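With these hints in hand, go ahead and build the complete structure from the sequences.
There are 6 protein chains.
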Amino acid sequence: VQICYVIPGPMSDAVGDAELARREEMLRSWAAPDVDVRVQDLPTGPASIESIYEEQLAVPPLVDALPSLEAEGVDALIVGCFDDPGVDALRELAQRMLVVGPGAAALHVASLLGGSFGIVTVPNPTATRKLVLTERLDVRFVDVGLVDIPVLRLRDDIEATFEAMTEAGQALVARGAETIVLGCMSMAFLDVEHELGARLGVPVINPAKVALGVAELLVRAGQMPSRATFPPPPKLTEQAESAR
Amino acid sequence: VQICYVIPGPMSDAVGDAELARREEMLRSWAAPDVDVRVQDLPTGPASIESIYEEQLAVPPLVDALPSLEAEGVDALIVGCFDDPGVDALRELAQRMLVVGPGAAALHVASLLGGSFGIVTVPNPTATRKLVLTERLDVRFVDVGLVDIPVLRLRDDIEATFEAMTEAGQALVARGAETIVLGCMSMAFLDVEHELGARLGVPVINPAKVALGVAELLVRAGQMPSRATFPPPPKLTEQAESAR
Amino acid sequence: VQICYVIPGPMSDAVGDAELARREEMLRSWAAPDVDVRVQDLPTGPASIESIYEEQLAVPPLVDALPSLEAEGVDALIVGCFDDPGVDALRELAQRMLVVGPGAAALHVASLLGGSFGIVTVPNPTATRKLVLTERLDVRFVDVGLVDIPVLRLRDDIEATFEAMTEAGQALVARGAETIVLGCMSMAFLDVEHELGARLGVPVINPAKVALGVAELLVRAGQMPSRATFPPPPKLTEQAESAR
Amino acid sequence: VQICYVIPGPMSDAVGDAELARREEMLRSWAAPDVDVRVQDLPTGPASIESIYEEQLAVPPLVDALPSLEAEGVDALIVGCFDDPGVDALRELAQRMLVVGPGAAALHVASLLGGSFGIVTVPNPTATRKLVLTERLDVRFVDVGLVDIPVLRLRDDIEATFEAMTEAGQALVARGAETIVLGCMSMAFLDVEHELGARLGVPVINPAKVALGVAELLVRAGQMPSRATFPPPPKLTEQAESAR
Amino acid sequence: VQICYVIPGPMSDAVGDAELARREEMLRSWAAPDVDVRVQDLPTGPASIESIYEEQLAVPPLVDALPSLEAEGVDALIVGCFDDPGVDALRELAQRMLVVGPGAAALHVASLLGGSFGIVTVPNPTATRKLVLTERLDVRFVDVGLVDIPVLRLRDDIEATFEAMTEAGQALVARGAETIVLGCMSMAFLDVEHELGARLGVPVINPAKVALGVAELLVRAGQMPSRATFPPPPKLTEQAESAR
Amino acid sequence: VQICYVIPGPMSDAVGDAELARREEMLRSWAAPDVDVRVQDLPTGPASIESIYEEQLAVPPLVDALPSLEAEGVDALIVGCFDDPGVDALRELAQRMLVVGPGAAALHVASLLGGSFGIVTVPNPTATRKLVLTERLDVRFVDVGLVDIPVLRLRDDIEATFEAMTEAGQALVARGAETIVLGCMSMAFLDVEHELGARLGVPVINPAKVALGVAELLVRAGQMPSRATFPPPPKLTEQAESAR
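Top line first, the protein sequences correspond to chains A, B, C, D, E and F. Going by the numbering used here, the letters in the first sequence line up with residues 68 to 311, in that order. Going by the numbering used here, the letters in the second sequence line up with residues 68 to 311, in that order. Going by the numbering used here, the letters in the third sequence line up with residues 68 to 311, in that order. Going by the numbering used here, the letters in the fourth sequence line up with residues 68 to 311, in that order. Going by the numbering used here, the letters in the fifth sequence line up with residues 68 to 311, in that order. Going by the numbering used here, the letters in the sixth sequence line up with residues 68 to 311, in that order.
Hint data in this document are derived by calculation from the structure and do not stem from the laboratory. Hints may contain errors.
A pair counts as met if it fits within one copy or between any two copies, since identical chains are not told apart.
[What the hints assert, rightly or not] List time: in silico DMTMM-like cross-link candidates among lysine to aspartate or glutamate, alpha-carbon distance up to 25 angstroms: (1) K197 / D210; (2) K197 / D215; (3) K197 / E139; (4) K197 / E92; (5) K302 / E137; (6) K197 / E234.
On a predicted model such as this, the values are computed, not experimentally measured, just so you know.
Listed below in C-alpha cells is the structure:
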C-alpha cells in the first residue's frame with residue numbers, strides 16, 4: 068500500500084525540510100508494516116492555510132501534482148489540510164488513485180467514538196463549519212474552539228500551545244462535546260492527542276492518524292469514491308475520447 | 068449603484084463579444100434606473116464550469132480581478148456562476164465592495180415564493196447539492212433535474228433546450244417542487260423563465276435577475292457580509308499593518 | 068413600481084399621523100428613484116402586536132383592505148408586522164398583487180450575509196420562533212434576544228431602547244450569532260441598524276428596508292408566489308366562476 | 068371532566084343540527100364514563116375550512132367564545148379543525164381552561180405508533196404542511212395525499228369518499244408511510260379509520276378520537292400548556308391589573 | 068380497560084412490596100373510573116436501570132412475561148422504565164396487547180404543551196439521548212439535567228432529591244426549556260411534578276401519568292402499533308404456521 | 068493487533084463449523100499482515116437475527132463472553148451483526164478492549180465515499196432505520212431495499228441472492244443513492260460487493276471489511292470510545308470499589 072501525504076504549499080521553505088521528514092517519520096510509525104508513506108510539499112501555494120482565500124490558492128498546485136502521483140502508482144493521496152481543500156476536484160480528476168481528506172475522515176471517526184464532537188482549531192472557522200455541513204454532521208457538532216496562534220508558530224512554544232488547546236477543549240467539553248477533533252494538521256503532528264485526551268477526559272482525534280488509517284482501510288477494501296458523486300469533468304472526458 | 072457581473076473565465080473567446088454585450092443589455096433592462104451594470108469576463112479560467120475542478124480553476128482569476136474592481140469604485144460584484152465559486156474567498160478579501168453569489172441569492176428568493184424548490188441545471192450536480200447544504204436549505208430541496216447539454220451549446224438549439232428544461236422541471240414539480248430555480252447562468256440568460264413557469268404552473272427563478280436585485284437591495288441598504296463569517300485573511304492583515 | 072406598506076391596525080390613533088408620515092418618508096428615502104411607496108394603517112385591528120392573539124386580530128382587517136389596494140394597481144403590499152401575520156392568506160386571495168412579509172424577507176437576507184442569525188425583538192417570542200420554523204431556517208437560528216419595552220413606547224426614550232437592543236444583541240453575538248435581525252417594525256423605523264451593527268461587530272438587518280428591497284426585486288423580476296403553495300380558496304373560485 | 072368540542076363556524080347552518088348531534092354522540096361513545104363532552108358550533112366564521120384564508124376567519128369567533136366557556140367551567144376546549152387554527156392564541160388567552168388542537172395531537176400520537184406518517188386530507192395542504200413543521204415532525208412526514216372532494220360533500224357519497232381515501236392512503240403507504248393520519252375532521256367523523264386501516268395494512272389515526280383522549284389525559288394529569296410558550300398578552304394583563 | 072405496569076426487574080426484593088403497592092395505588096388514583104391498573108415486577112432482571120447494560124438485561128425477563136399477560140387479557144402493558152427498554156421487541160411479539168413506553172409517551176406529550184423540553188434524570192444519559200433521537204424529537208430537546216443520586220436512594224431524602232431536581236430543572240429552563248420531562252420512573256412516583264412545576268414556572272411532565280393516559284387513549288381508540296414498523300419475527304411466524 | 072469477530076449466537080449449529088472457518092479465512096485475507104483475526108460464535112443466542120426481538124436476545128450472550136475475551140488480550144471485538152446489537156452495553160462494560168459495530172462503521176465509511184447511501188438488507192428494517200437515526204445519518208439515507216430471503220438461506224442459491232441484491236440496489240440508485248451499504252453480515256461474507264458495484268455503477272460497502280479496517284485503525288491510533296458517552300455502569304463500579 069503506497070500512500071502520499073501532500074502538503075498543498077511550499078511548507079519546506081517556511082519551516083525547513085526537517086519538519087517534513089519529522090512528519091513522514093511519524094506517519095510511518097503509525098502505519099501497518101506493509102504500508103509505504105511519504106510526505107511531499109508543493110512548489111507553489113500558500114505557506115499555511117488560515118483563510119478560505121488560502122484554501123482556494125492551494126487547489127491548483129494540487130491539481131498539477133495529481134498526474135505524476137498517479138503515474139508513480141500511488142494508491143492514495145491524503146490532502147494535508149484539515150478543511151479538505153481540493154478533495155472533490157481531485158476525486159473528479161483521479162483515474163485510479165484514492166483521494167482522502169483528513170477533515171471528513173476525522174469527523175466520521177469521531178462519530179464512531181461518541182455522540183458529539185467539538186473541534187479545536189486555529190482561526191478562521193468558516194471553512195471548518197462548512198465542512199461539517201457538507202459532511203452533514205452538524206447535528207453532532209458542538210462548536211469550534213479557537214487557539215489564537217498562527218499555524219506556523221504552533222511549535223514555537225509547544226507548552227503554551229498545549230495550554231491553549233486544553234483551554235479550548237475544556238470549554239467544548241463543558242458545552243457537551245463527547246469527543247474532540249483537532250482541526251489543524253500542524254496540531255495533529257504535535258502528537259499530543261493522548262495527553263490532551265487524558266486532561267479532557269474524552270477522546271481527542273488526530274486527523275493525520277485517522278486519515279492514514281482511512282486511506283489504508285479503503286485501499287485494502289478496494290473502495291473508491293462514488294462516480295455518481297464525483298464524475299470525471301465532461302470536457303476532459305471528451306478531449307480524452309477525441310485524442311484516442 | 069455600480070454593479071459588475073464577472074464571468075470567471077474567457078467566455079468571449081468561446082462565444083464571442085456579442086454574447087457578453089447581449090447579457091449586459093439584459094441586465095441593464097432588469098435594473099432600476101439609477102443602477103449601472105456592466106459585464107466583464109476574465110483573461111484566464113475555464114471556458115465554462117461543468118465540474119468542481121473547473122469551479123476551482125475559476126477562483127484565482129476572480130481573486131486577481133478583485134483589487135482593480137474595488138479601486139474603480141464598483142459597489143457590488145456578482146460572480147457569474149450559479150455554484151458561487153470564490154464568493155467566500157472574495158468576501159474575505161474585499162474591503163468595501165459587496166460580493167454576491169447568484170446561487171445563494173436564487174435559493175433564498177425561491178424560499179420566499181414557495182415551500183420547496185427543485186433546480187433545473189446541467190451536470191454535474193455535486194457542487195449544486197453542496198451549495199444547497201451550505202445555504203442550509205436542504206430541507207426545502209426536492210432534487211436537481213438535469214438537462215444533458217453542454218453549457219456552451221445551450222443556445223445552439225434553444226427550442227430543444229427549452230423542451231429539455233420543461234421535461235426536467237415537470238419531473239421535479241411532480242415530485243413536489245413548488246418553485247423551480249434555474250441552476251446555470253447560461254440558462255438564466257435565455258430569458259425564458261416566465262414562459263417556462265407558465266408551462267410548469269409554478270414560478271421559475273432566474274438567478275441572474277435575482278442576483279442583480281439582491282445586489283441592488285444590499286447596496287441600497289448599506290449591508291455587507293458579516294466579518295464574523297468572512298474575516299480578512301490574517302497574513303494579509305499582518306502584511307498591511309507592517310506596511311504602514 | 069407601486070408599493071404599499073400596510074400597518075395592520077389603527078396605529079395613527081395610538082401614535083399620531085406624524086409617525087406614519089415619518090415612516091413613509093424613510094421608506095421613500097430607501098427606495099429606487101422609480102418606486103412609489105406609501106404607508107397606510109387600517110381602521111380596525113390591534114394597536115400594536117405583542118402576542119399571537121393580536122397577530123390573529125390583525126388578519127381580518129388586512130383581508131378587508133386587499134381588494135381596494137389591488138384595484139388601485141398597487142404592485143406589492145408589505146404587511147407591516149415582523150411575524151408576517153396574514154401573508155399566506157393574502158397570497159391565496161391576491162390576484163395580481165404581490166404580498167411580502169418583512170420577517171421572512173429579513174431572515175433570508177440575513178442568511179445571505181452570514182452563517183447564523185439572532186433576532187432582537189420585543190416579547191413574546193413564540194410567533195417569531197414559529198416563523199423561523201416555517202421559513203425552515205431554525206438550523207441558522209441562535210435565539211431571540213428580548214427588549215422588554217412595550218412596542219408603542221420604544222421611541223419614548225430612544226437611548227434606553229438602543230442600550231437594551233445593544234445588550235440583547237451582544238448576548239446573541241457571544242452565543243454565535245454572525246448577524247442580527249431586528250424582529251420588530253418599530254425597531255426597524257428607529258433607523259439605528261448601522262450604529263448598532265458598528266457596536267456589535269456584525270451586520271444588523273432592518274426588516275423594513277429589506278422588505279422594501281425584496282418587494283422591488285420581485286416586482287422588477289415579475290415573480291409571484293407559487294400557486295402550488297398558495298392556491299385561491301376553492302369556495303371563492305367557485306363563486307367567481309358561478310358569477311360569470 | 069368537562070370537554071367542549073367547538074366547530075369554528077356556523078356548521079349547523081350548512082349541514083343541519085342533526086350532524087352536530089351525531090358528532091356529539093360519537094364523541095360521548097369514545098370517552099371514559101366520567102367525561103362529559105359536548106359539541107358546539109359558532110354563529111360566525113367560515114362554513115368549512117379549505118384554505119388558510121378561512122382558517123384565519125375562524126379565529127376571531129373562537130376568541131369571542133372563549134370567556135363564556137371558561138366561565139361555565141369547561142375543562143378542555145378542542146378546536147374542531149385539523150390545522151389547529153387559533154390554538155396558540157386561545158392558549159395565551161385562557162386562564163384555567165386547556166385548549167387542544169386535533170392536528171398536533173394526532174401527529175404526535177401517530178408518532179407513538181410507527182416511524183413515519185402520511186396525511187390523507189382535502190386540499191389545500193399548505194396549512195397542514197406548516198402544522199407538521201411547527202410540530203417539528205417533518206422528519207417523520209411522508210406527504211399529504213389529497214381527496215379532492217369539498218369538505219361539506221364528503222358525506223354525500225360515503226363510498227366514493229372511502230374509495231378516494233383508500234387510494235390516497237395506498238399511495239402514501241407505498242412511499243413509506245407506516246401510519247396514516249386523517250387530516251380533516253369531517254373525515255374523522257365518518258368513523259371509518261379501522262376499516263381503512265384494515266385495507267391499508269397500517270394504523271389510521273382519527274384526530275377526533277385522539278384529541279378527545281389527549282384532552283382527557285391532560286385534564287386528569289393536571290397539565291396545562293407552558294406559560295413560557297404561551298404567555299398572556301401583555302396589554303390584556305396590564306388592563307386586568309389596572310382594573311384591580 | 069386493563070392495564071399492567073411492569074417493572075422490569077425484582078424491585079420488590081430491593082425496596083419491598085410496599086413500594087409496589089404504593090405505586091399501584093397512585094396509578095389507580097390517576098386512572099379513569101373504568102380502568103383497572105396493576106403493578107407487577109419480574110423475578111429476574113436488574114435491581115434498577117442506570118446504564119445501557121442494565122437496560123439490555125431487562126429485556127429477556129420482559130419477553131418471558133409477555134405471553135401470560137396476553138393470556139390474562141391485559142389490554143396494555145406499560146414498561147416501567149423511562150428509556151423504554153424492550154418496547155420494540157415486545158411490540159413485534161405481542162399479538163393483541165398494546166405495549167407502551169413511558170419515555171416516548173412523555174416526550175410527545177411534552178411536545179403538545181410547549182416548544183422545547185429538557186429532561187431531569189439520573190445518570191447515565193446516553194440511552195435517554197438515543198430515545199430522543201429515535202423519537203426524532205432532538206430538534207425540541209434542550210439537554211438532560213442530571214440528579215446524581217442512585218435510583219434506589221431517591222426516596223431516602225426526598226427533600227434533598229427535590230432540591231437537586233429543582234436545580235437541574237432551573238438550569239434547563241435558563242437554557243430555553245419550555246417544559247421539563249422527568250426522565251426516571253422513580254422520580255415520577257415521587258408525585259412532585261406540580262410542586263416542581265410551580266417552582267420552575269413551566270409544566271413538569273410525569274411519565275407514569277402520561278404513559279397511563281396514553282395507554283387508556285390508545286385502548287379506547289382501538290389503536291395498535293403499526294405492523295409495518297413492528298412485524299412479527301419471521302422465524303416465530305414460520306414456527307406458528309408449521310405448528311398449525 | 069488482535070481482533071475477534073464474534074457472531075452473537077450458535078451459528079455453527081445452524082450452518083456448520085466450515086462456514087465460520089470460511090469467514091475467518093476471508094477476514095484474514097483482508098487484514099494487514101500484523102493483524103490476527105479470529106471468528107467465534109456463542110453457545111446461546113438466536114440462530115440468526117431478523118427482528119428486534121432476536122437482536123435483544125443476542126445481547127446477554129455477548130455480555131457473558133466479554134470478560135474472557137478481555138482477559139485473553141483481544142484488542143478489538145467486532146459484533147457480528149449489522150444492527151450493532153449490544154455495542155453500547157459492551158462499551159460501558161469493557162475496560163481495555165475496543166468494541167466495534169459493523170453497521171455504524173459501514174454507514175460512516177459510505178459517507179466518506181459519496182453524498183448519500185441506500186442499504187440493501189433482509190427484513191425487518193426497523194432496527195436498521197433506528198441505527199441510521201442514532202448514527203444521525205438520516206439526512207444521507209435514501210431507504211432500505213429488501214431482499215426477501217431468510218438470512219440462513221442466502222447462500223443456498225447465490226445467483227438468486229445476487230439477482231435480488233442487484234434489483235434492490237438498482238431501485239435505490241434510481242432514487243438517488245450514490246453508494247450502497249450491505250446491511251447484513253451474511254451478505255457481506257458472500258464477497259460480491261465489487262461485482263455488485265460494477266453492476267450498479269456505485270460503490271458497494273462490505274460491512275465486514277469495513278468493520279475490520281475501522282477496528283485496525285482505532286487500535287493503531289490508540290483510540291477508545293468516549294467515557295462521556297459510555298461510562299461504566301455505576302453499580303458495577305461501586306462493587307469493584309468495595310471489593311478492593
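Hints and how they fare:
no.: 1; hint: K197 / D210; in the structure: both (12 angstroms within a copy, 21 angstroms between copies)
no.: 2; hint: K197 / D215; in the structure: within (20 angstroms within a copy, 29 angstroms between copies)
no.: 3; hint: K197 / E139; in the structure: neither (33 angstroms within a copy, 32 angstroms between copies)
no.: 4; hint: K197 / E92; in the structure: neither (32 angstroms within a copy, 36 angstroms between copies)
no.: 5; hint: K302 / E137; in the structure: within (20 angstroms within a copy, 33 angstroms between copies)
no.: 6; hint: K197 / E234; in the structure: within (24 angstroms within a copy, 29 angstroms between copies)
In terms of the numbered hints stated before, the structure departs from hints 3, 4, listed from lowest to highest.
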